[in-house]
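J.: Take a look at the letters that make up each chain.
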Amino acid sequence: MRQIIYAQMVSLDGFIEGPGGEIDWGVPDDQLFAFINEQEQSVDTHLYGRRTYQNMASYWPKQEHNPKASDFEQAFSRQWKQMKKLVFSTTLTEVSWNSKLINHPIEEAVEQEKLSTGKDLLLGGAGLACSFIERDLIDRYHLYIHPVILGSGKRFFPSLPEKKQLKLVDHKVFHSGVVFLAYQRGEGNG
Amino acid sequence: MAKLIAQLVLSLDGYYGGMNGEVDWHLIDDDYNRYATKLLQGAQGLMMGRRTFELMEQFWPTHEAMESSPEVAKEMNRLPKYIFSQTLTETSWAQTQLIADPIVVSVEQLKQQLDGDLVILGSGQLVHLLTKHRLIDEYQIMINPVLIGAGKSAFQGMLTTVSLNLLESNTFSSGNVLLRYQLNKQ
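Line by line, the protein sequences are chains A and B.
For the first sequence, numbering that gives the first Met the number 0 gives the first residue as 0, with consecutive numbering after it.
For the second sequence, numbering that gives the first Met the number 0 gives the first residue as 0, with consecutive numbering after it.
Don't take each hint at face value.
A short, non-exhaustive set of chain B residues, derived as facing chain A with CB atoms under 7 Å [to be verified]:
1) Ala72
2) Leu134
3) Pro144
4) Val145
5) Ile147
6) Ala149
7) Leu163
8) Ser172
9) Leu177
10) Tyr180
11) Leu182
12) Gln185
Straight-line alpha carbon distances no greater than 25 Å define the calculated DSS-like cross-link-like pairs of lysine-lysine that follow [to be verified]:
13) Lys110(B) <-> Lys153(A)
14) Lys162(A) <-> Lys118(A)
15) Lys37(B) <-> Lys162(A)
16) Lys153(A) <-> Lys151(B)
17) Lys80(A) <-> Lys99(A)
18) Lys166(A) <-> Lys110(B)
19) Lys113(A) <-> Lys153(A)
20) Lys171(A) <-> Lys73(B)
21) Lys184(B) <-> Lys73(B)
22) Lys151(B) <-> Lys73(B)
23) Lys99(A) <-> Lys118(A)
24) Lys73(B) <-> Lys131(B)
25) Lys110(B) <-> Lys2(B)
26) Lys2(B) <-> Lys131(B)
27) Lys153(A) <-> Lys118(A)
Read the hints as simulated data drawn from the structure, not as lab findings.
C-beta atoms are modelled at their ideal positions from N, C-alpha and C, and glycine is treated no differently.
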């Protein structure tokens, strides 16, 4: 059964962006990038909210042909352009790069995807993740914990009305000090 | 010069306690106690804020503690304890020093005067203050596999980014994850 994975670079104190939108602390080195590209192999669809889609679409498409981009960035650029993307937005009117605009209820779109055959779906973006978590639609959480404390910014996890027990399913340590942790939704709850 | 180690149990969403300081969700099993015992056996002293101290003081000197967690209890009772509080004036827990003087200066002095490892247990507010002043040399964070949804953060509102170096990371069968970091003093 296809799984919905929410993955992000995250500070030790749980932020995906600093107070001024800073993400420089989370830029992957070659070793981490190689792992990220490997992870992409088990995914065939990306899920984005408007903001993340716009950020990605304004940067990644041209990296494939950017001589200053690393091999990993060029590879990711190629993969990203081809990857099937679902963009959840009620305000955008068009999207590019193999993207489909979804402006109907999230649950319907997700159910449709899960009923069809395919690989996993990867969600990026705290805003969209919040909507998904509220509806208990996330199956796996992938945290790339960077050795930094930011103090404030945009949280990976939204506030929740009650506790959620999770199951640790993977753990990797990288030379840069980044620790990758993967959690599956708990049995009987999300 | 002593090394100051902050040991914190955190939920995956980054809280050391619930909105009212609840810690009932902490996953404490034999593995955790083994880890805690080893940490305490290597320590020369403990530091705590008032709230954590009051919880510890009620439990560790009791028979119940000696029976349920004898090794941890032995260390908790043996170690010199430095407690920062403007309001506590007395305690019956042996080996305890209550310090009402300004915390940052007191901690700097203790680090100068003592040698070996000083371990801060829990004490989110104390950790917050000492992180701000870059006085903590090492962080040992035990991440529990649970989201508690809301609560208190030990690092809320740091004005500048705190840079760390990962020393080690281990997992336990409970799903707990230990992350050990050294403060990057650059």
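J.: Next, verify each hint and record whether it holds.
T.: Consistency of the hints with the structure:
no., hint, in the structure
1, Ala72, "violated, 28 Å"
2, Leu134, "violated, 14 Å"
3, Pro144, "holds, 5 Å"
4, Val145, "holds, 5 Å"
5, Ile147, "holds, 5 Å"
6, Ala149, "holds, 5 Å"
7, Leu163, "holds, 4 Å"
8, Ser172, "violated, 9 Å"
9, Leu177, "violated, 10 Å"
10, Tyr180, "holds, 6 Å"
11, Leu182, "violated, 10 Å"
12, Gln185, "violated, 13 Å"
13, Lys110(B) <-> Lys153(A), "violated, 35 Å"
14, Lys162(A) <-> Lys118(A), "violated, 29 Å"
15, Lys37(B) <-> Lys162(A), "violated, 30 Å"
16, Lys153(A) <-> Lys151(B), "holds, 16 Å"
17, Lys80(A) <-> Lys99(A), "holds, 13 Å"
18, Lys166(A) <-> Lys110(B), "violated, 39 Å"
19, Lys113(A) <-> Lys153(A), "violated, 29 Å"
20, Lys171(A) <-> Lys73(B), "violated, 35 Å"
21, Lys184(B) <-> Lys73(B), "violated, 34 Å"
22, Lys151(B) <-> Lys73(B), "violated, 30 Å"
23, Lys99(A) <-> Lys118(A), "holds, 17 Å"
24, Lys73(B) <-> Lys131(B), "violated, 32 Å"
25, Lys110(B) <-> Lys2(B), "holds, 7 Å"
26, Lys2(B) <-> Lys131(B), "holds, 17 Å"
27, Lys153(A) <-> Lys118(A), "violated, 29 Å"
Comparing the model with each earlier hint shows violations of hints 1, 2, 8, 9, 11, 12, 13, 14, 15, 18, 19, 20, 21, 22, 24 and 27; every other hint is respected.
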